[in-house]
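Kindly generate the complete structure, drawing on both the sequences and the hints.
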Amino acid sequence: MLKTQTRIALMFFLLTISIVAILSTAVYYFVTEYTFADFYKRLETRAALAARIKLEHESESTAAFQEIRDRVLEKLPNEIDYFIEITPGKDFKAESDSLRLPLSFFTDVADGAVSRAQHGDIFFAGVNYPRGDRTFIAIVSAENYYYSHHVASLRKILFIAFILMSLLVFLISFLFSRYAFNPIRQITKRVKDISTTNLHLRLSTSGPSDDVNELKITFNTMLDRLEASFATQNNFISNASHELSTPLTAIIGEADVALSKARVDEEYREALRAISGQAERLERITKSLLFLAKTGFDGLRQKFAPVRVDQLLWDVKETIERLNPRNKVQINAGLMPENPELLQVDGNEQLLHLAFTNIISNACKYSNHQPVDISIGISDNHLVTVISDKGIGIPNKELPFIYDPFFRASNTRDFEGYGIGLPLTRNIVRIHKGTIEVTSKLGQGTVVQLVFPIALTVSQ
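Mapping to this note's numbering: the sequence shown position 383 is 383, numbers consecutive.
Please keep in mind that the hints were generated in silico from the structure rather than gathered at the bench.
Hints may be right or wrong, so weigh each one.
[Claimed, not checked] Below are the DSS-like pairs computed for lysine-lysine, each with C-alpha atoms no more than 27 Å apart in a straight line: (1) K90 - K54; (2) K189 - K156; (3) K328 - K189; (4) K317 - K390; (5) K303 - K433; (6) K54 - K93; (7) K441 - K390; (8) K317 - K441; (9) K41 - K75; (10) K41 - K54; (11) K54 - K75; (12) K303 - K317; (13) K75 - K90; (14) K303 - K261; (15) K261 - K328; (16) K433 - K317.
[To be verified] Derived Cβ-Cβ restraints for the label pairs, each shown as a range: (17) I22 - S206: 29 to 35 Å; (18) M11 - F159: 23 to 29 Å; (19) N198 - L259: 45 to 51 Å.
For each residue, glycine too, the CB sits at the ideal point set by N, CA and C.
What follows is the structure in structure tokens.
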């Protein structure tokens, strides 16, 4: 199979050679046609002049025409004059056989037309010349020196030029294709060096701003995403294995201790309570992991319907405060639009409930159950929900990692959690074509802004 570079070079070569061949053929054709027309015109002029010299009896004019022919007109190679008188009933068959010319040549001249013919390299021109009450056919034949020599030389020159041009075009095509595909070869060579072990490598984009450079930039952007994805995956696997192994180790340890010797009933119950607690923790982690993986799939697979976000938030508030009476959630209705349809978004109510529950429960937990404020408003056909707390905040340098599964800020060691809630929430928000933005100041609190497209756009 030919390489792309070879195919391009071959196409360029064939295209250029085809153009050169067409131009050469056109030049040869028009030069040949011009040579024929010009030579026939010369023969016709000589035929008329020869008839004047031969058939006129005025000695002065005859001598003058003869002098013009000898001095001005160069004698053509193998030039011969023929004079045939046209008589009633003459069929010109003998003349046709003698000169090996078609019979129509003579009949056309006899009818008053100028006739032309060619036999090999010899060209014939005949004219009708009346002389008193008699009419003659004056024929001049000669070898077309321009055709047999000059045109032949032109043919050789064009052929040699075509061969040389083909070689030159082939060389240029090869060099041009190598030059044009050199950036592609460099990209291919560089890409072959990139694997999962060195995703940090990038293509150089220091060249001119062209399609190849844009391709490099696009490829580098893809590598950035892949590197981030691999890093997240590795981090996820590492943390998941750690989080899962911890309760499993605790369960096995408690069981081994309980089984190591005979114990009283209370000790067995204590061991079972410890095992049950670790098993519940393991269940919560496993469910969170499965739900996180599930929300990573195509959101179109979820069943969507119009959801009233304000009603959903009141339901979330009730749920959170029922789970822990110390939680305090305040919903600010002052910015809500009067039209309730503007509070609807297309979504899955269960997933949205889970997303808001994660955010609000975190706000309550990390603020030591201080009041959490929730505001709802609209902006540019989007529903905006802002959840703010006055908790411990997030260190600024750790904000870029808050969406990594199992990541927990350095100041959260005293709080229970697994670091899955926020990544899960972001997946749910993305499924609903929304955005999530987290801003925080250490020791002053955190603000989470969720934006979703409004389900039905109406006049406000």
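Hints violated by the structure (listed by number, smallest first)
Numbers 2, 3, 13, 14, 15, 17 - these are the hints that the structure violates, sorted from lowest upward.
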